[in-house]
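*Asks:* Okay, so the sequence shown: first residue is 15 according to my numbering, each after it adds one.
One thing to keep in mind: the hints can contain errors.
Label-pair restraints from in silico Cβ distances [said to hold, decoys possible]: (1) Gly308 - Lys86: 29 to 37 Å; (2) Lys307 - Met106: 43 to 51 Å; (3) Leu46 - Glu156: 33 to 41 Å; (4) Glu220 - Arg198: 40 to 48 Å; (5) Lys40 - Met106: 36 to 44 Å; (6) Lys307 - Lys223: 21 to 29 Å; (7) Glu319 - Asp154: 15 to 23 Å; (8) Lys315 - Leu203: 33 to 41 Å; (9) Ser124 - His235: 32 to 40 Å; (10) Glu319 - Glu234: 49 to 57 Å; (11) Pro132 - Gly49: 44 to 52 Å; (12) Lys38 - Ala192: 44 to 52 Å.
Straight-line C-alpha distance at most 16 Å; calculated EDC-like pairs for lysine to aspartate or glutamate [to be verified]: (13) Lys76 - Glu51; (14) Lys85 - Asp112; (15) Lys85 - Glu172; (16) Lys24 - Glu84.
I should point out that these hints are in silico values taken from the structure, not numbers from a laboratory.
No experiment lies behind these values; they were computed from the predicted model shown.
Note that the Cβ used here is the ideal one computed from N, Cα and C, for glycine as well.
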Amino acid sequence: MKHIVVGTRKSPLALTQTEWVMAKLKEHHAGLEIGMEKIVTKGDRILDVTLSKVGGKGLFIKEIEQAMYEKKIDFAVHSLKDMPTEMPEGLMLVAITDREDPRDVVITRSGSTFADLPIGARVGTSSLRRAAQLRHARPDIEIVSVRGNINTRLAKLEELELDAIVLAAAGLERMGWADKISERLSTELCIPAVGQGALAIQCRSEDEKIREILSVLDSEHTRRIVTAERTVLGRLNGGCQIPIGAFAETTGGELKLTGIVGSSDGLTLLKETATGTDPVALGHAVAERLIEKGAGEILAKVREEIAQ
15 MKHIVVGTRK SPLALTQTEW VMAKLKEHHA GLEIGMEKIV TKGDRILDVT
65 LSKVGGKGLF IKEIEQAMYE KKIDFAVHSL KDMPTEMPEG LMLVAITDRE
115 DPRDVVITRS GSTFADLPIG ARVGTSSLRR AAQLRHARPD IEIVSVRGNI
165 NTRLAKLEEL ELDAIVLAAA GLERMGWADK ISERLSTELC IPAVGQGALA
215 IQCRSEDEKI REILSVLDSE HTRRIVTAER TVLGRLNGGC QIPIGAFAET
265 TGGELKLTGI VGSSDGLTLL KETATGTDPV ALGHAVAERL IEKGAGEILA
315 KVREEIAQ
């Protein structure tokens, strides 16, 4: 098999990530030719409302998965944080790449840190997870919904006269724009999205040759830590539109996992941390502790607010 086709979103970041995967595969497989199919997803089409209002899971992947079912493409490259925890029948995550910096960052017009933003600062983000945690730390700030690709959101910092915007470190680094970062937010302040910083490579389960070609990019270490995070998300029945975050890291031979659930206004923020060696058991343990603290009621209220 010398020619295969990859599917990707059309955003500059998605194309950059896909081109990186293509280059890595060609390093491992001499003579391999890879075509690219650019696909517009529901999340890309609807930009005038927040992600939470768009509704549903897999907003940035469904159309790409359909292209795989129709055999228009052989595999797909996604940001792992966009992937629902349940995999559609016949598809699989064949590789999860080494993780870049998973943290969120702030880019401020003044170059200041988040703590030094003025009282009442206007902060741009479309993420309820980010908004809940930042409002919890700074109840005085005003959250302004900002959607679009990285280029669009960077432009809105000036266009909307915002004091700051919040983005993922990994995306900026992959675009070569790390110099724009004013501050990398500690995970004590802002727990990242589940899987943030890792790429997911998806293909049809039945395609053994494709699976063999793609599996060289799988990181066992990253897969282990994101499995713990994704278990929390799955147990809480969450998606990228809900204020849920989870972050795992290795400490010695163990995993340390922190999960958060927040109310939309940031007044309530539940946080639980646990350590263990089994990522699935650890993810369930953290999720259950959050549920015992009232996570279910908080998330039900958030979903009700979104539906209105």
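*Asks:* Checking against the hints above, which ones are violated?
*Replies:* 1, 2, 3, 5, 6, 8, 10, 12, 14, 15 and 16
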